[in-house]
Amino acid sequence: MPAEAGAAGAPATTRFRPPPWLATAALLLPSYAWLTLAVLLPLGTMFAFSFLEATPLGNRPVEWTLRHYRAFHDQPYLLGVAWTSLSIGLWTTAICAVVGFATALALVRATAGRSRETLLILLLLPFWTNGLVRVFSWTMVIRGGGFLDVAARSVWPDAPSLGFLYTQPAIVLGLVHGYLPYMVLTCYIALLAIDDAVIEAAMSLGARWPTILFRILVPLAMPGLVTGAILIFVPVIGAFMEPRILGGRVGVTMGTVIEDQFTQAFNWPLGSALAFTMLAVVLGVFATFSGVLRRTAQA
Amino acid sequence: MTAVDVTAVAKSYGTTTVLSDITQTFGEGTFTSLLGPSGSGKTTLLRIVAGFVKPDAGVVRIGERDVTDVPVWSRNIGMVFQSYALFPHMSVAQNVGFGLGRRGIRGAKAKAEVERALEMVRLPGYGDRYPRQLSGGQQQRVALARAIVIRPDVLLLDEPLSALDRRLRQEMQVELLRIQRESGLTTIFVTHDQEEALTLSDSVAILDRGRIVQVGRPAEVYERPKTRFAAEFLGDANFLTGTVRGGAVEIADSMIATEGPLPVEGSQATIAVRPEKIAIDGAEAMPAAPDEPTNRLRAKVLSVIYSGTSLTYLLRSGELSLKVFAQNSLGRPLDSGTDVVLSWAPRHSVVLAD
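As they're listed, the protein sequences go chains R and E.
Counting from 1, one number per residue, gives the positions in the first sequence under my numbering.
Counting from 1, one number per residue, gives the positions in the second sequence under my numbering.
The reader is advised that the hints may include incorrect statements.
[Claimed, not checked] Incomplete in silico selection of chain E near chain R, CB under 8 Å: (1) Phe52; (2) Lys54; (3) Val70; (4) Val72; (5) Ser83; (6) Phe87; (7) Tyr222.
[Unchecked claim] Far from chain R by the CB rule (all over 12 Å, computed), these chain E residues: (8) Ser74; (9) Gln94; (10) Gly99; (11) Glu115; (12) Arg116; (13) Arg274; (14) Leu322.
Derived from the structure by calculation, the hints contain no laboratory data.
None of the values given here were measured: they were computed from a predicted structure.
Glycine included, each C-beta is placed from N, C-alpha and C at the ideal position.
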């Protein structure tokens with residue numbers, strides 16, 4: 001920028017030159033226009049809705065209120081729902097972290113070339129299947145008398161039912177299945193960047209596998225783990241399809257409550273107020289920990 | 001301080017033989033270079049000693065202990081890698097202290113050891129820095145400190161200087177030699193840089209296609225190469241092939257005298273002559289050789305490569321192409337097309353085995 005300004009101010013230049021800010025603005029315009037259209041406009045509309053007394057349909061007068069932001073105070077059962085969502089989010093993220101990291105490590109350390117690419121694509125398959133089909137197929141497996149029970153009873157005829165459909169673990173299972181690829185991908189990229197010689201150096205200094213894993217690989221792949229955790233945790237605490245289908249009666253989460261406000265109760269203002277409250281909490285958490293995250297990501 | 005013995009070691013990947021029947025002793029406290037072109041198996045041999053590669057056959061002994069089936073982490077080796085391989089998320093002190101921690105040495109004792117090692121590589125007070133804050137040469141010193149602080153039985157260096165620029169490399173060569181002498185560690189050094197190998201080593205082993213073709217002191221290997229490959233890979237050489245006749249080799253109508261045994265009368269023999277061993281004179285000035293019998297060869301200058309302190313002449317003698325290095329002491333290189341006489345002592349005509 002300073003160079004640009006210096007050239008424009010040179011006495012020899014008589015031709016008109018647009019001010020530097022104009023070029024910057026012109027270059028940024030398409031992306032900001034898109035952001036406005038795709039993100040800011042709909043979000044802004046929903047944000048405005050959250051301050052309305054009731055859904056603005058028919059001839060109802062438009063009245064403004066902050067009432068919906070008191071929902072957690074007025075309806076204490078929502079705190080329990082929030083806790084359920086949080087616990088599902090933490091479990092899903094933790095299981096994805098362990099399984100995803102192990103999978104990525106196996107991919108990076110034990111395979112090469114063609115077989116590695118094929119395996120990676122197979123791992124990403126859940127991404128490409130329809131979410132509804134993916135979730136419903138689990139109900140076939142884990143319901144009482146489902147495939148899981150059939151398999152168990154083929155080994156031990158008197159086995160008690162292993163079905164755990166309509167429980168919190170069932171919800172977590174469905175979510176892990178859907179979101180695991182994020183963690184595998186981010187960890188895969190982070191692990192791929194680690195020089196083999198670094199691991200060999202640790203071995204030559206007397207480190208065995210557990211030491212290499214926890215002192216070298218996990219710290220070095222931390223940026224991938226953190227990115228994967230964010231990519232998974234945020235959508236999972238708002239998920240409503242998996243809790244509804246796999247959770248049944250226990251599957252009441254922030255996601256389903258918000259969805260109910262839009263599709264069943266037709267209370268859009270409350271729905272959007274709850275959604276923005278969740279967004280604020282998530283952003284608040286990330287703002288608090290961003291320092292820690294940045295430090296681990298740099299190390 | 002321990003000797004390393006490699007006995008009848010072989011390794012192949014699929015149908016590709018990487019090493020075949022290597023037997024070599026790396027004496028206690030010596031500095032041995034494994035020198036060879038890429039694909040000669042020098043790195044594989046080093047990795048077998050380190051334990052990263054398991055040999056198909058043969059025995060590796062570090063000191064009295066047979067380590068053939070011992071995993072890397074319990075071999076007590078110090079290794080320095082080409083890419084330094086420092087742990088990027090650890091400070092210099094943590095890097096150097098890593099191996100000590102694995103040996104149960106922690107706290108004040110470890111701290112003192114780390115300080116001592118950093119002093120040895122001339123980086124005292126750098127403990128709190130991170131690898132990314134150091135230059136390439138400094139990172140290399142940290143890698144060296146990390147390898148020697150654990151008092152390994154053997155120090156393995158895998159082309160540790162090749163990533164450094166020329167000036168820094170020469171500086172590090174001196175440092176490396178000093179540290180090796182001070183620590184007295186048995187050292188195996190893999191390199192493809194022949195000058196580096198000659199400068200640093202007590203002993204040079206030349207590898208070609210999975211075999212050690214010659215081992216010896218640097219001067220011995222350089223002055224008396226056994227094979228064409230050894231002569232070519234270590235330095236420059238002129239190769240003259242002729243027929244053995246009356247205790248000499250007949251090449252381009254000249255009889256070339258040699259030292260050492262010749263093949264049987266009438267058979268073909270190849271001799272190697274180092275380019276700097278050949279004197280170059282004008283054709284009219286045939287110097288008489290009073291005491292020493294001198295080999296002489298008429299030749300014509302084809303071209304001269306001028307590089308300041310020295311001159312490289314490319315010459316032709318009959319069917320033979322020759323190369324001669326000369327000091328630029330007169331400041332007047334010979335013109336191309338000049339007829340000259342080349343002369344050298346018989347002991348510089350080295351008879352090759354193949």
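Consistency of the hints with the structure:
no.: 1; hint: Phe52; verdict: holds, 6 Å
no.: 2; hint: Lys54; verdict: violated, 14 Å
no.: 3; hint: Val70; verdict: violated, 12 Å
no.: 4; hint: Val72; verdict: holds, 4 Å
no.: 5; hint: Ser83; verdict: holds, 5 Å
no.: 6; hint: Phe87; verdict: holds, 6 Å
no.: 7; hint: Tyr222; verdict: violated, 32 Å
no.: 8; hint: Ser74; verdict: violated, 7 Å
no.: 9; hint: Gln94; verdict: violated, 10 Å
no.: 10; hint: Gly99; verdict: violated, 3 Å
no.: 11; hint: Glu115; verdict: holds, 18 Å
no.: 12; hint: Arg116; verdict: holds, 17 Å
no.: 13; hint: Arg274; verdict: holds, 37 Å
no.: 14; hint: Leu322; verdict: holds, 44 Å
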